[in-house]
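Taking the hints into account, I'd like the entire structure generated from these sequences.
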Amino acid sequence: MIEFHLLSRSGVAPYLQLIQQVRSALRLGLLEEGERLPTVKEVSVALAINPNTVLKAYRELEYEGLVAGRQGVGTFVTKTVSEESVAAHQELSQDLRTWLRKARATGLDAEGIEAIFQRAIRSEILEEQAV
Amino acid sequence: MIWMTWRQFRPAAIAASATLVVLAAAVAATRPTLLSLYTSAGLPACHTACASDASNFLGSVRSSYTGKIFWAGIGIMYLVPAVIGLFWGAPLIAREIDSGTFRLAWSQSVTRARWATVKLTMIGGATMLTAGLMSLLIGWWSSPLYQAANQAGPNTFQISRLSPTMFSTTGIVPLGYAAFAFTLGAAAGVLLRRTLPAMAVTLAVFAAIQVLVPMLVRPHVIPPVQTTHAVSAVQIGPAMIGAHGLYSLGLLGISGHPGALILGNRLVGEAGQTLTRLPSACDFGPPDSAFSSCLARHGIRIVVSYQPASRYWELQSAETGMYLLLAAGLGGLCYCAIRRRQRAA
Amino acid sequence: MSIPAVATRGLGKRYGRHWALSDCTLSIPAGLVVGLVGPNGAGKSTFIGLMTGMLGPTTGSIEVLGGPAPNSPEQLARIGYVAQGTPIYGGLSVADHLRFGARTNPGWDAALAARRIQDLGLDLGQKAGKLSGGQQAQLALTLGLAKRPELLILDEPIASLDPLARHEFLQSLMAAIAERELGIIMSSHLIGDLEHVCDYLVVLAGSRVVLDGPVAELLACHHLVTGRRRDGTSLPPGVQVITQSHTDRQSTFLVYSTVPVIDATLAAEPVDLEQLVLAYMGGAARTTPALEVQR
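Residue numbers (the working numbering), protein chains in the order written: chain H, 1 to 131; chain V, 1001 to 1345; chain L, 2001 to 2295.
Derived by calculation from the structure, the hints in this document are not laboratory data.
Virtual Cβ for every residue (Gly too), placed ideally from N, Cα, C.
One should not assume that every hint holds.
Where chain V lies over chain L, by a calculated footprint (3+ residues, C-beta under 8 Å) [to be verified]: (1) 2102 to 2110; (2) 2140 to 2151; (3) 2181 to 2187.
FRET-style restraints, in silico, Cβ to Cβ [stated by the list, open to error]: (4) L:Arg2180 <-> V:Ala1200: 46 to 54 Å; (5) H:Lys41 <-> L:Gly2129: 48 to 56 Å; (6) L:Gly2129 <-> H:Glu3: 33 to 41 Å; (7) L:Gly2129 <-> V:Leu1129: 57 to 65 Å; (8) L:Asp2123 <-> V:Val1022: 33 to 41 Å; (9) L:Asp2123 <-> V:Thr1019: 31 to 39 Å; (10) V:Ala1015 <-> H:Glu3: 53 to 61 Å; (11) H:Glu127 <-> L:Ser2245: 24 to 32 Å.
Next comes the structure, spelled out in structure tokens:
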């Protein structure tokens, strides 16, 4: 079963962290199809966070089609990362590598590159939330 | 709330019970000695005119260890209400405010009113019970002495149930004192909110009241009897004769009225007018039979104001009632102060 | 419209000449975990005293769970309270405390209490005064929970606990609300304690409420906006400036805006709860007179 952890001051909302950890676990094959996620109560107690936060994360994952909740039984993984997404991820990796080479060519160091990257991610998420 | 009050009171209850057991044992152990002195003075056999036997008995008690025990008993009865007030009354509510536990108590499903009522009545009852039992034990032990004192008339041992020293320690007034001291402590605790200051105030106020009441209030609770006697009918103690005549006559007793509490006296002439000086013919010498016959020759008699010994229980009830009323008032004050929602302290 | 946990109108409390709380009008929804934040002396304990019936208001009114502040057995049973310093009876044992709860609360859930004590590993015969600070807090929490209230009010329950005890206390609290519908109002002067636990926030400063609302909404509507030095009025319309600071080249604004701040010359970032609370508390401090009586 997956075990969640929380970074308090990462600037990323807790519910998003949970979602990311589920997605990442799926990708790495740590979570398999049909496997049960910990209950809302278990997670909220383990991390000392509001159960509503966990509920929000689980609902979002359900909306994305990654998990499905069954009344009285629990929340179960419905699909793992599919072949198509793996291929899509390959493409994304390539694109990223190209971009990185360009960035290095302009003279940016690793920290500078990370700063641009973080800024872009944050504003993407903000726009997404606002929508 | 009843269980909780008992549980919080349990250590005090155990201490009080232990003290009572020890006291009972001491009383049981020392009474035979007292009784043997009583018997050897010939008192059980005596039915009339036992004054000399009684005096002998009292003298033998005074000169023996048993006399010290008697005074110890008096001392205990003085202390008990004060100790109860200090240690059961003052911390009753002050300690909960002090330590903040009142916030725990008042957030359970019992109202403050019920909390206060149960605490005050349960522990108040316990204080009266404790004081009552102690008074009973010590009173039972001392009963031969008081009986003999009545028979002996004025004596150098000066035991009298009505005398200021001993009235407070016998009968039912200790219950009243205990109830008063307890509610005084509780009220001080509610108003001052800290245990130690409450104890200090309780002690001060209680001591003051205990000094003032016998002096100013008790003699007049029931209007005293006033009768006129021939000077030969009273036992005169030290008479203080001043430079300008009579200063005051100290009376030890009135014949035929053993154990009376004498409050005042004045000399009156034939026409009933109050005299402030003695006729010069009688104005010297010790207060003996010559002195009395001199005054009698001049038609001078004495008016004595006193409480007869038979009024003992009346006076006890009146004083106990007074203190219980005070206690009830203080209890009511506590209750109202707790219900007021001004500060959480 | 469900009954709010706490509804106040113009609520104020004065001691002598000092107003410990003034002009408080809000409606806190039921069933949420509500954080009551503010510096020491801001009126948190006073507000809690008014909610729990320990204090009476000087002006205004307060309603808790649709009824008056608790003074009757029925209302007292619906509202639990754990006071500051989590007071317990030092001379009584853990079992005595449970018995106390059982005897004074008709709604007492003995099974719940017993289970919690067992889970916590507390010795029933141990005198409560000998427990550690964290254990005492947990005992007080057990007493508050086992009477099955609809609303549990806690006054700085974790302020004096070490980090581990703090974490365990919050875990206990989260377990309790995950099990059943229970509203919580918890005060603290440290926002860090509350940020992941609360879904509603009330900020007090200078004896007044300076901010209140659902946490998610507050975080979504506040942004930290930076850009070249400019005046606050030149920001896009609908954007309300909460705090601002300027250097010779740069201006930084903490703003409130229900719509995203889209401006090419500005960078907008989300704020975290601590920045937000500090901004509002700081704003209040600037408008309060300097001679504010501190407790």
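Going through the hints against the structure:
1. Counting residues of the stretch 2102 to 2110 of chain L whose C-beta lies closer than 8 Å to any C-beta of chain V gives 5; at least three are required, and the coverage claim holds.
2. Residues of the stretch 2140 to 2151 of chain L lying with their CB closer than 8 Å to a CB of chain V number 4, which satisfies the three-residue condition for coverage.
3. Chain V is given as covering the stretch 2181 to 2187 of chain L, and this is violated because 0 residues of the stretch bring a CB closer than 8 Å to a CB of that chain, at least three being needed.
4. Take Arg2180 of chain L and Ala1200 of chain V: their Cβ atoms lie about 49 Å apart, and the range 46 to 54 Å holds.
5. The hinted window of 48 to 56 Å between Lys41 of chain H and Gly2129 of chain L is violated, with their beta carbons roughly 33 Å apart.
6. At about 38 Å, the beta-carbon gap between Gly2129 of chain L and Glu3 of chain H stays in the expected band of 33 to 41 Å.
7. The beta-carbon spacing between Gly2129 of chain L and Leu1129 of chain V, approximately 29 Å, falls outside the hinted interval of 57 to 65 Å.
8. Between Asp2123 of chain L and Val1022 of chain V, the C-beta spacing of about 34 Å keeps the proposed range 33 to 41 Å intact.
9. Taking 31 to 39 Å as the suggested C-beta distance range, the pair Asp2123 of chain L and Thr1019 of chain V conforms, at roughly 32 Å.
10. Separated by about 56 Å at the C-beta atoms, Ala1015 of chain V and Glu3 of chain H satisfy the suggested range of 53 to 61 Å.
11. Separation of Glu127 of chain H from Ser2245 of chain L is about 26 Å and conforms to the stated range, judged on CB atoms against 24 to 32 Å.
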